[in-house]
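Colleague: Put the two chains together into one complex; each comes in its own frame, and the hints tell you how they fit.
Residue numbers (our numbering), protein chains in the order written: chain A, 423 to 1109; chain B, 10 to 392.
One or more of the hints may lead you astray.
[Unchecked claim] With a straight-line cut-off of 20 Å between C-alpha atoms, the simulated PhoX-like cross-links for lysine-lysine are:
id : chain 1 : residue 1 : chain 2 : residue 2
1  : B       : Lys95     : A       : Lys967
2  : A       : Lys965    : B       : Lys92
3  : B       : Lys304    : A       : Lys967
4  : B       : Lys92     : A       : Lys1009
5  : B       : Lys347    : B       : Lys304
6  : A       : Lys1009   : B       : Lys304
If you're looking for bench data, these hints aren't it; they were derived computationally from the structure. Nothing here was measured: the structure is a model prediction, and the numbers come from that model.
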Amino acid sequence: MTSAAKDVKRRGSNAEEMGARQRDISVSEFFAKNRHLLGFDNPRKALLTTVKEAVDNSLDACEEGGILPELAVVIEDLQPDRAATVKSSRYRVTIVDNGPGIVRKQVENIFGRLLYGSKFHRLKMSRGQQGIGISAAGMYGLITTGRPMTIVTRPKPNALAHRIELAMNTKTNRAEVITDVETEDFPPERLRGVTLGARALASEKGFLDAIEFPTGTSVSIELEGRYQRGRGSVDEFLELTAIANPHAKFVFVPPSRESATEEDDVPLVTQGAASAASSATTTTDTHGVIIFPRGVQELPRETQEIQPHPKGIELGILLQMLKDYEATEKGSLFSFLQERFCRVSAVTAAAMCKKVGVTTRTRAGDIDPPVAEKLFKEFETTKLAPPPTDCLAPIGVRQMLAGMLKGVRAEFYAASSRDAAVYRGRPFQIEAAIAFGGDLPCEESARVIRFANRVPLLFQQSACSSFKAIAETAWKNYGLQQPRGNVPTGPLVVMIHMASVWVPFTSESKEAIADYDEIRKEMKLALMECGRKLGTYLRKRLKMKRESDRRDVFERYIGEIAKALHQITGRNPKPIYDALLLQARAKTAVADVELDDEGRVRKQAPDPSEEQDDEGVIIVEGAIPNLGSGAVIPAAPVEFDVPASAPRRARAPKDATARKVSAPAVSSAPSVKKPNKRSVADTPSLF
Amino acid sequence: MAAKKTTTSDAAQPATGRLKERDAKTTKKILELAEEMARRALSGQDPIIQIPTRAKSNTIWNKKRGILEMGSATAARPLFDLKTAKQFMQTMLHSNTINDLIAAGKTSSLRGVFYKAKHTVAGTRENTFDGQDESDPILEDLEVALGALREELHVFAENRGSMVGNITIVDRGDEINCRKMGSGGYALPSIVEPDIIQFKKCEAKFILHVEKGTVWNRFNEDRFWEKNNCILTHGAGQPPRGCRRLLQRMTQELKLPLICVLDCDPWGHYIYSVIKQGSISLAFESSRLAIPEAKFLGIRAKDFRACDLDDAVKIDLTENDIKRAGEIAAYPWFEHHKGWQREIDQLLKNGFKMEVESLITKDISYVTDTYVPERLKARDWID
Chain A
423 MTSAAKDVKR RGSNAEEMGA RQRDISVSEF FAKNRHLLGF DNPRKALLTT VKEAVDNSLD
483 ACEEGGILPE LAVVIEDLQP DRAATVKSSR YRVTIVDNGP GIVRKQVENI FGRLLYGSKF
543 HRLKMSRGQQ GIGISAAGMY GLITTGRPMT IVTRPKPNAL AHRIELAMNT KTNRAEVITD
603 VETEDFPPER LRGVTLGARA LASEKGFLDA IEFPTGTSVS IELEGRYQRG RGSVDEFLEL
663 TAIANPHAKF VFVPPSRESA TEEDDVPLVT QGAASAASSA TTTTDTHGVI IFPRGVQELP
723 RETQEIQPHP KGIELGILLQ MLKDYEATEK GSLFSFLQER FCRVSAVTAA AMCKKVGVTT
783 RTRAGDIDPP VAEKLFKEFE TTKLAPPPTD CLAPIGVRQM LAGMLKGVRA EFYAASSRDA
843 AVYRGRPFQI EAAIAFGGDL PCEESARVIR FANRVPLLFQ QSACSSFKAI AETAWKNYGL
903 QQPRGNVPTG PLVVMIHMAS VWVPFTSESK EAIADYDEIR KEMKLALMEC GRKLGTYLRK
963 RLKMKRESDR RDVFERYIGE IAKALHQITG RNPKPIYDAL LLQARAKTAV ADVELDDEGR
1023 VRKQAPDPSE EQDDEGVIIV EGAIPNLGSG AVIPAAPVEF DVPASAPRRA RAPKDATARK
1083 VSAPAVSSAP SVKKPNKRSV ADTPSLF
Chain B
10 MAAKKTTTSD AAQPATGRLK ERDAKTTKKI LELAEEMARR ALSGQDPIIQ IPTRAKSNTI
70 WNKKRGILEM GSATAARPLF DLKTAKQFMQ TMLHSNTIND LIAAGKTSSL RGVFYKAKHT
130 VAGTRENTFD GQDESDPILE DLEVALGALR EELHVFAENR GSMVGNITIV DRGDEINCRK
190 MGSGGYALPS IVEPDIIQFK KCEAKFILHV EKGTVWNRFN EDRFWEKNNC ILTHGAGQPP
250 RGCRRLLQRM TQELKLPLIC VLDCDPWGHY IYSVIKQGSI SLAFESSRLA IPEAKFLGIR
310 AKDFRACDLD DAVKIDLTEN DIKRAGEIAA YPWFEHHKGW QREIDQLLKN GFKMEVESLI
370 TKDISYVTDT YVPERLKARD WID
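Isolated chain B, as found in the complex (with noise of 0.2 Å):
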């Protein structure tokens, strides 16, 4: 364990010289932070670390760029206070552990940095960690505190979503055709940088994306994608950063433009705003995950009607939904937004929300054949 500091150099990983030149940053902004930590201590000063605010009050809509972003207030959190002492500690101990990773050049899930700190305080039974929701908060903490992304602190995390479609892209040295992937797509990962993954070869004129796998599932099967010319991609619910984060790539570098297909509810709508300008808790990276252009082509509040759908179809809005959608007509995004604010209202006069699925209820496949190509056709959706 003694003497880490310096290994940077016999990194196990071949890694070209502007990794090397990242980890050399990163390596930078930890080494400062502890020595700051150290200095305090030695001199008496109380030790402070300076985390930038990950909530409401702290993020800022760029209204110009379409983009939320994170303000500049900043939360003390002191070793010698009762409510931060552990998180004081835990964030040192991830210090530790992100330094000892881009040393030995590897990277890690949560997990597994989590598995990595956690032990018993020496002399007593307590963990540094007592489970990953301890582990997580810490690492975003320390992202924005070192203002570093997670990939630069070589963590990732799960794989989630998948993507299939006209596309050819090059994934750490290898191609994937991503016409030719199966029933199961192309699993997305959870660093998509450029220095991982290139985009070769792309025919497709849009991305479709969906709000989960079954309904991914559905347009695959009916070769949507291919008939359509397009890429197909979901994001198994709210989409996590490597998702988006490819979603942002292919429109900013290819240009495509990002078509949504959601529920119609607000959990729906939230997802769409976060695909579009950013979430709150991850506002310092909206520059790198924001898709302002994306469009939400459905499901609509009008398709009940408009579709002639069946009654077995409406779930009731519960009170939770009925504040959410308050909630979410009064983003600053949405206020203003005529689009939207017609969008929620038709929602809260139904009563009720309706899935993607409940388009089956017409026909298997009317969502592929029919209602996707119809309102594609139409250009009818909210941007």
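Only chain A is shown next, with the shape it has when bound in the complex (with noise of 0.2 Å):
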């Protein structure tokens, strides 16, 4: 500031001093200083931002690349010896992915340059929308640590991979390549060792084979940040993601230790519960390293990327528009609106350039602002057919269920899909799903789990779109507790997904969906219809309760009477007991049936511990708690004291009281099911 240093008599400066100061801002510069705007806030989200951004791009790329995405998530404490009240530490979270890898010219663009990608430009669902991720997250990394970022690449199966490391000038929004070298070395050969568990998955079950990996991509980023479980962590991020996208699969090394602090571990999956189970389509745990299983084997449907809906645009952005197709195709206002819309057919576009006052004819850079303006109006009255859907791809509610079933311990899973519905012309699609009971928390507000591309929301929960729908549900009705104005209690987790070619949000950080009516409401009707089968469900739950409990009112005390009735009268016990246990089925058989009438017969399904209807439900029979009057009945069957000359054994049918107790599938502490054993066979179901 040499001007201001030789005019000192007057205060402030004149416009050419000014002017000297004034200049472009790069925007990295802007994002340098301003790195809370994209979730680099403190330390933990750091690290957090930094994996999300990294998995989101290499769960798009798969996608595009139509690969069913598999992904290694490293993350390495590089100061593992610090003294245990530092509360952050040096990080290198390294992503792997099996897509297709990036041209070797691209590689300083992607990760170098802020707001550069291909998503930006065009309305297509994808979970990265403006391109300032992943190299604001290699900008984070230099700036905390001055270490440049690495990414490895091999985008041809049989060809060397490259290695390249890149460290970005803010000045310039230009990256700078330090080192750039061919490689065998892909999948990274160092990452199957960097901890224990990693070195066990290697050795028993593969990480990271080449073979797995033939293509790909790894990004190696050192930060300094904070690695702490609970809510708002990489664990919870990926645990989500995971059940956002039961097509992928995903392993997680975390770091050797936590960062120094207090631990509040909420994860969906207990510990223990993971490690008891073996089921493959589950998340489990071993060595520390956690395994997040594919759950279906298709890739989502492929979006198709769609022009802008005349009604989804402003008047400034119709004025480009314009000039950019001047600019390129020299064409008709008439061709215009067909090629640079969705939904304007030639017969609405001749009708559009009459109402304006312009022939067919007229070129596009012919118009100029006050007709364009008029044509903005134009767009706002005239009757168009909704933008298309098919550049939407939902979760689906197989795959939804899917995810919450390896993902949520609950007894009950519902999912819904909505028929797309459009916001300020862009074309939107909500999906809700919510799993119940099982190992869930009884006494907290239900958790509310948020998606917007397949891809979690973690913060500022209170701020969003969704959790306004459901704090405006009226869960009461469905059988559950709601404060009021606020999610409901119970044992629930709610989920909400918005599948969207622009999702709105309300930050740059991606964090909450902005609150519009059309979408709120889009999101109310899918937690209804969620909402309705819970209720369903728990009635019918409550009357087998009832029912089950009436049966077993009566085998439980004609033990004690046929006991009693042999001492007083020396009778032998065993024909009464039959006799009155003939009775007591004959009784209730009345109340099966009264079930079957009320309810949909149970079909025979091939597993009995699992049901699927392809109505959105799923009941896991073995998850169900314990309902009974606190007689809980173990497989102990009912003796009598019988002369010693009798011999003894279980006397009793062993189909009325060798209760069945049968362990669900995946939880660590086996719940008794009440119905008797052959119940397995002919109890009716629920559904």
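Modeller: What follows is the structure, encoded as structure tokens:
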């Protein structure tokens, strides 16, 4: 500032001097100073955001390449010997995917420039939108550690991979290449040995095998961060991402130690339950390495790119579009309308031209702003079909259920997928799913998990449209408790997903969905559909409990009665017991029939512990907690004291007394199934 | 536990021939009940126990005898009904318990019977009886269903109530001189049948029954029974069966009039009613318990003025008291009794109740030295 020094008499500066100081602000410079806007507010969130941006990119890339995604997320603690009181540490975050890889010349652009990407300019549903994510993470790493980011990518299966180190120049918004070599080392060998768990996994089941990763990309960023489990953690993010992306497999190698602080661990999957589970379709934790397996084998529908809908743009954008069209096509307004917008037919385009007073041959470039404004008004009043919806790839009811099933230990799951709707000319689609009961905590508020284009939203829950939709839904109607103006209370997880070509976030860090009436309405309708299914289930469950209580009451007592009668009369208790049991059965058979008539009779499901139907409901019978009046029935048959001459064996008929204890498939605490053994075959189920 | 039913003969306790006979009769009744249930079960019929109803609806006021009697209504207790299934089981369990008691020739308290039959239902965590309050009514059900008295079932209640006075009795062979009972008195046992208790020598001319122990202590300390040649009893509030039965035996066998000194409130009136006519829940025993000649000496509603009592003794009637007073006034045996209608009217008009102890405001021994002797002399009572 030399000019300021020589002119000290006057206070302030003249226009020239001011002009000398006015210059371009590089976008990267701006974000370097405003990193909280991108989700790098604090060390813990910075670590999460880095993982999140890399995972989003990897999943998008895999899907676009038609590859079932397999991702490895490895976080290494680079200062493992730090003092216990130091809250943050330096970490190296590496995300490896089996995607199509990146051609060499694009590497700098993708990873080294802010606001560079394939996603911003088109209306296509994808996880990332603005193209600032991964490069911002790299920049954050550079600012906090001075270390460049490392990219290893192999775009062709049998060719050498590129290994590039990039540092971003915040002034020029360009990346500077530090190292650029070709290598055979992809997926990076080093990662297989970073922790004990990774080594065990690599030797037992295979981890980052070259066969599984013929092509792909690995991104490593060193950054100042803080690793701590709980809400808003990397663990939660991956857990939720796995739920919303059942077609993807994730392996997470967490750092060897957590940052020093009290643990606030609220995972959906309790550690004990996870390790007890051996099923291949649920999340497992071995030697500290968490594996989120693939739940479904199909990729999401490939989404189509769409042109903007006339009702979804603003005047300035229209003017810009006209200018662009003139620059590239030099065509007429008539063809501009048809080509650059969706849902504008030749007839509509002609009518619009007529309305604004130009012919169908008038060049788009000749449209002056007043006419453009007229045209813009015309857009608002003309009746147009809503935008096409093939641009959307909802998760799908079956996939949502699969995702919830593997990630949440509950007894009842329901999902619903709304038809596509439109806000501000942009198509969107709402999906909801709920999980109820099982191991979920009963006394707490329902847990809300939110997704936008399959990406979990971890912060600012109460600012999100979905939260409002949940609070506004009358859950009391479905048999749940709900404090006024809040989410319901009970063993419940509510999942909401919004799929759209453009998700309206409240901020750049993409944490909450803006509250548009159209969106909230759709959310509520989806929630209500799930709620109705839950309500039906809960009512049926209550009824079933009553019926089985009734059966149990009789069967519980007749053993005692037979014994008493034996002792008074000296008669053999067994025939008396059998006769009474027969009567009890006859009495409760009536109840069984009643239940059948009211509820839909259960189809003979091939797997008796899990039922699924095409109406978006799964009931895990084994996870239904014992509902009885405290009368848990262990497998203890009634024994009668009979003179020693009689052989001592369980004399009651087996099916009456040896109650079946069907351990739930996944729970570590086996709950007892109420109906007795024969019910496996003929107890009516709920759906 | 096996083969219990024929062991009556080797009873541990020496029993008279009459006792043996009585036990054999009870055992037979229990066996019949059990046999019927077993037969029903084996023939595919609903197992149902018929139990005479112990409710107001099934009590009959026998005007001629002046006692409450039980009607003929019974209630079915089927096994296969959610409401009665557990009670059915409990009834069978207690039948067995009683059968065992008789076989062993022992008696047991109500609480003991409860414990004997209490266990977890096989294969569950549920108790056969959750508490004694579930067990006691089942025993009363069995009494009426079998037509056997509680002592015939070898079950007794806690000792309650005391007695002193000019009488000598024999209790299980022990001579008890009720003139030398110190300050505690002779504790009234639950079973006072002639085979247990016999009256040996009695000079007393009447029985004075007071409501509770504190009042009884006053009378005993002042040697009221000695000065007035009587027997002094109390029943610790609502008198239990043993107390009532003994009072009845004394009035009948020794021809002694019974005079009651109770509180001036609906509860006191009710106690009098129970002593005199019998209670609803034990209507089946009224002929052994009720004493239609019993007289109500006080405290009377008029006594506040008559004895010139202090305002401090007043205790306001609660809404419940007023309701209760109305109910008692409507009892068939009070309904047409002018004396009682007047008494209850006066109580309601007063709007307050008075305890026997209220007379202490006059003088500590006013009740024993003045009140009761004067009233007795004047024959001022309601009957």
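Colleague: Each hint should be assessed against the structure and marked as holding or not.
Modeller: Structure-based check of each hint:
Under the criterion of a C-alpha separation no larger than 20 Å, the hint pairing lysine 95/B with lysine 967/A is consistent with the structure, at around 18 Å. Using a Cα cut-off of 20 Å, the hinted pair lysine 965/A and lysine 92/B holds, with the two alpha carbons roughly 18 Å apart. A distance of roughly 58 Å separates the Cα atoms of lysine 304/B and lysine 967/A; the hinted pair therefore is violated under the 20 Å criterion. The suggested pairing of lysine 92/B with lysine 1009/A holds, with an alpha-carbon distance near 14 Å, which does not exceed 20 Å.
Taking the CA atoms of lysine 347/B and lysine 304/B, the gap is near 15 Å; set against the 20 Å cutoff, the hint holds. With a CA separation close to 56 Å, the supplied pair lysine 1009/A and lysine 304/B exceeds the 20 Å bound.
Figure legend: structure checked against the earlier numbered hints; hints not met, in rising order: 3, 6.
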